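There are 2 protein chains.
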Amino acid sequence: MAVLELSTADQLLVVSGDTPLLEIWEALPEGLFPPFPPVGLPGGVDGLLQRGGFGQTFFFASEVLGLRFRAPSGQVVHAGGRTVKNVQGYDLVRPLVGSFGALGTVLEATLRLRPGRAWVFLRRKGELSEPPLKPRFLWQELHWTYAFHFGHPKEVHRFREGFGGEEVRERPDYTGWFPHGMGVGMGNLMDLRFGWVDGGAAPEMPAPFRRLVEALSAARGAL
Amino acid sequence: MAVLELSTADQLLVVSGDTPLLEIWEALPEGLFPPFPPVGLPGGVDGLLQRGGFGQTFFFASEVLGLRFRAPSGQVVHAGGRTVKNVQGYDLVRPLVGSFGALGTVLEATLRLRPGRAWVFLRRKGELSEPPLKPRFLWQELHWTYAFHFGHPKEVHRFREGFGGEEVRERPDYTGWFPHGMGVGMGNLMDLRFGWVDGGAAPEMPAPFRRLVEALSAARGAL
Numbered sequence: 001m002a003v004l005e006l007s008t009a010d011q012l013l014v015v016s017g018d019t020p021l022l023e024i025w026e027a028l029p030e031g032l033f034p035p036f037p038p039v040g041l042p043g044g045v046d047g048l049l050q051r052g053g054f055g056q057t058f059f060f061a062s063e064v065l066g067l068r069f070r071a072p073s074g075q076v077v078h079a080g081g082r083t084v085k086n087v088q089g090y091d092l093v094r095p096l097v098g099s100f101g102a103l104g105t106v107l108e109a110t111l112r113l114r115p116g117r118a119w120v121f122l123r124r125k126g127e128l129s130e131p132p133l134k135p136r137f138l139w140q141e142l143h144w145t146y147a148f149h150f151g152h153p154k155e156v157h158r159f160r161e162g163f164g165g166e167e168v169r170e171r172p173d174y175t176g177w178f179p180h181g182m183g184v185g186m187g188n189l190m191d192l193r194f195g196w197v198d199g200g201a202a203p204e205m206p207a208p209f210r211r212l213v214e215a216l217s218a219a220r221g222a223l
Numbered sequence: 001m002a003v004l005e006l007s008t009a010d011q012l013l014v015v016s017g018d019t020p021l022l023e024i025w026e027a028l029p030e031g032l033f034p035p036f037p038p039v040g041l042p043g044g045v046d047g048l049l050q051r052g053g054f055g056q057t058f059f060f061a062s063e064v065l066g067l068r069f070r071a072p073s074g075q076v077v078h079a080g081g082r083t084v085k086n087v088q089g090y091d092l093v094r095p096l097v098g099s100f101g102a103l104g105t106v107l108e109a110t111l112r113l114r115p116g117r118a119w120v121f122l123r124r125k126g127e128l129s130e131p132p133l134k135p136r137f138l139w140q141e142l143h144w145t146y147a148f149h150f151g152h153p154k155e156v157h158r159f160r161e162g163f164g165g166e167e168v169r170e171r172p173d174y175t176g177w178f179p180h181g182m183g184v185g186m187g188n189l190m191d192l193r194f195g196w197v198d199g200g201a202a203p204e205m206p207a208p209f210r211r212l213v214e215a216l217s218a219a220r221g222a223l
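Protein sequences, first through last, are from chains U and H.
Letter by letter, the first sequence follows residues 1 to 223 in UniProt numbering.
Letter by letter, the second sequence follows residues 1 to 223 in UniProt numbering.
Don't take each hint at face value.
Unchecked claim - Pairs of lysine-lysine residues, derived as DSSO-like cross-links and limited to a Cα-Cα distance of at most 30 Å, are as follows:
#: 1; chain 1: U; residue 1: Lys134; chain 2: H; residue 2: Lys134
#: 2; chain 1: H; residue 1: Lys134; chain 2: U; residue 2: Lys154
#: 3; chain 1: U; residue 1: Lys134; chain 2: H; residue 2: Lys154
#: 4; chain 1: U; residue 1: Lys125; chain 2: U; residue 2: Lys154
#: 5; chain 1: U; residue 1: Lys154; chain 2: H; residue 2: Lys154
#: 6; chain 1: H; residue 1: Lys125; chain 2: H; residue 2: Lys154
To be verified - Computed Cβ-Cβ distance ranges for the label pairs, DEER-style:
#: 7; chain 1: U; residue 1: Arg124; chain 2: H; residue 2: Glu23; range: 45 to 51 Å
#: 8; chain 1: U; residue 1: Arg124; chain 2: H; residue 2: His143; range: 53 to 59 Å
#: 9; chain 1: H; residue 1: Trp25; chain 2: U; residue 2: Lys134; range: 26 to 32 Å
#: 10; chain 1: H; residue 1: Glu170; chain 2: U; residue 2: Ala201; range: 32 to 38 Å
#: 11; chain 1: H; residue 1: Glu26; chain 2: U; residue 2: Ala201; range: 53 to 59 Å
#: 12; chain 1: U; residue 1: Gly165; chain 2: H; residue 2: Glu26; range: 43 to 49 Å
#: 13; chain 1: U; residue 1: His157; chain 2: H; residue 2: Glu155; range: 16 to 22 Å
#: 14; chain 1: H; residue 1: Gly81; chain 2: U; residue 2: Gly195; range: 14 to 20 Å
#: 15; chain 1: H; residue 1: Glu155; chain 2: U; residue 2: Gly162; range: 35 to 41 Å
Just so you know, the hints here were simulated from the structure itself, not pulled from any lab data.
Source: prediction; values computed, not measured.
Glycine residues also receive a C-beta, built at the ideal position from the N, C-alpha and C atoms.
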C-alpha cells in the first residue's frame, strides 16, 4: 500500500488500490484535497471506488482520472489517463466506479486533487439533510451530521456560520465498524446516496450492466 | 426533435437525441447554460454525446445525468437518472459518452444546466492555447481561437480582460462543415481534445472497451 506519486503541479495523486484513506490524508500537503473526506473506511482506495465514494455532494467519478484494475477475467485493464483532457472517450473508468466489485479489483488509481486555502470539519446533532450552503462532504454518523468543506476562506467561513455545530478534532476511522464488509443497508452511517451497514449488500444491478460484467469476466485469452 | 422538459428548479434539461444544439440555446432562459457552447454541430445532442462533447474545459460526461439509448442489439437501455445523487453506481451513462456510436444511438438525454449571472463570447487571432484564466469552452476555428465563458459577473469580467479579442455576435453553425460526418483528424476546427474534420474517423478503440461493445451488441433476447 502506497502513495506512488503526488504531483502538486498537476494536482493529482497516484496510489495503489489498497492504500488506506487516512494514510493519503497524512501524505497530502496543505491546501490540496482528495475526493473523499478525512475518514477511515474499509478496503482503502479500492473499496472507496467500488462503492462509488463516500459522503461527496459532487459527481465522484469525474475525480478518478485513471485506473489500472484486474478484471474478473484476470486481465489487467488500463483505463483513463492523468488529466481531464485525456478523457477522450471509450470510458472504462466510470463503469468501474460504483460497480461494487463486479468489474474487478483496483490495483492503482490516479485521483484528482482540488485546491483550497481553507477547510473546516464540523458536526452537529441531527439527521442528515442538505444545508443551503452545500459542503464538499456530508454524512450522518449515529445521531450526528458531519460536514467537511474546503475552498475559498470566505466561502468556508460562510459555511461554518451557516452549519453551526462543533469542530471535529479527530479523523473518524470507521474501518472497524465493518468487519464483514461495508454494504448498502440501514445502519449507523449514511450519506446522501446510501445507508451503509456491516455486511450490507450491493445495490441491485441493472441487466445491461450485468452484460458488461460478463464481457469483462470472459476468459483471459478472449480479451 | 424537441426539448422535452426544462426544469429551472432542478437545473436540468430533457431532450430527444436529435435536437439541434442551437435549438436548445434558443429554448434556454437567461442565466442557465448547457454543457456545450453556442454552436451548431452535426447530429444534435446524440452526435455531441457520441463525440464526448465539444470545446469543454471540464469533465463533460458528469453533465450527462441520464440517458435512454438504443444499444446495437436493438434494446433500449435506460441509464442514470435526474440528479447527481442518482449516480449510485453501475454507470452505463459514462461509457456511452465519447463512444463514437459504438454503443448505440441516444434517444433521450437528461443534461445538467449550470447557472451564471454573466456570460461572454469572444474570439481572438491565434492558435489554441490554454489561457491562464480558463473559460468554460475553448476551441479554434481556422486561425481564430474562440472562448465562451459564464459565471459570476466579476469572474467573467476578469476573463474578458485577460483574453482580449473581439465579441462574437452570431452563433457559429458548423453543421455544414461536416457533410460526411464529424470525426477526428487535422482540420479547420479543433478543441483541447481533438482536431475535427469532415469525414474524420473515430479514435482507436481499446480492446477492453471493444468487449463492452460486443456485450451490448448481442441479440435482443439475451439482454
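Each hint, compared with the structure:
Between lysine 134 of chain U and lysine 134 of chain H, the direct Cα distance comes to roughly 24 Å. Compliance with the 30 Å bound is thereby established for this hinted pair. About 22 Å separates the Cα atoms of lysine 134 of chain H and lysine 154 of chain U, which keeps this hinted pair within 30 Å; it holds. Restraint check for lysine 134 of chain U and lysine 154 of chain H: the C-alpha separation of about 22 Å stays at or below 30 Å, so the hint holds. Restraint check for lysine 125 of chain U and lysine 154 of chain U: satisfied, since their Cα atoms lie roughly 24 Å apart, inside the 30 Å limit.
In summary, the hint linking lysine 154 of chain U to lysine 154 of chain H is supported, as the alpha carbons are separated by about 16 Å, within the 30 Å threshold. Among the hinted pairs, lysine 125 of chain H with lysine 154 of chain H is consistent with the structure: their alpha-carbon atoms are about 24 Å apart, no more than 30 Å. Checked against the hint of 45 to 51 Å, the pair arginine 124 of chain U and glutamate 23 of chain H passes, with Cβ atoms roughly 46 Å apart. A hinted range of 53 to 59 Å for the beta carbons of arginine 124 of chain U and histidine 143 of chain H is consistent with their spacing of about 57 Å.
Between tryptophan 25 of chain H and lysine 134 of chain U the CB atoms are about 28 Å apart, so this pair conforms to the stated range of 26 to 32 Å. Checked against the given bound of 32 to 38 Å, the beta carbons of glutamate 170 of chain H and alanine 201 of chain U, roughly 55 Å apart, lie outside it. Under the hint 53 to 59 Å, the C-beta atoms of glutamate 26 of chain H and alanine 201 of chain U, about 46 Å apart, miss the expected range. Between glycine 165 of chain U and glutamate 26 of chain H the CB atoms are about 46 Å apart, so this pair conforms to the stated range of 43 to 49 Å.
For the pair histidine 157 of chain U and glutamate 155 of chain H, the beta carbons lie near 19 Å from each other, so the given range of 16 to 22 Å is met. Distance hint check: the CB atoms of glycine 81 of chain H and glycine 195 of chain U are about 18 Å apart, consistent with the given range 14 to 20 Å. Checked against the hint of 35 to 41 Å, the C-beta distance between glutamate 155 of chain H and glycine 162 of chain U comes to roughly 22 Å, which is inconsistent with it.
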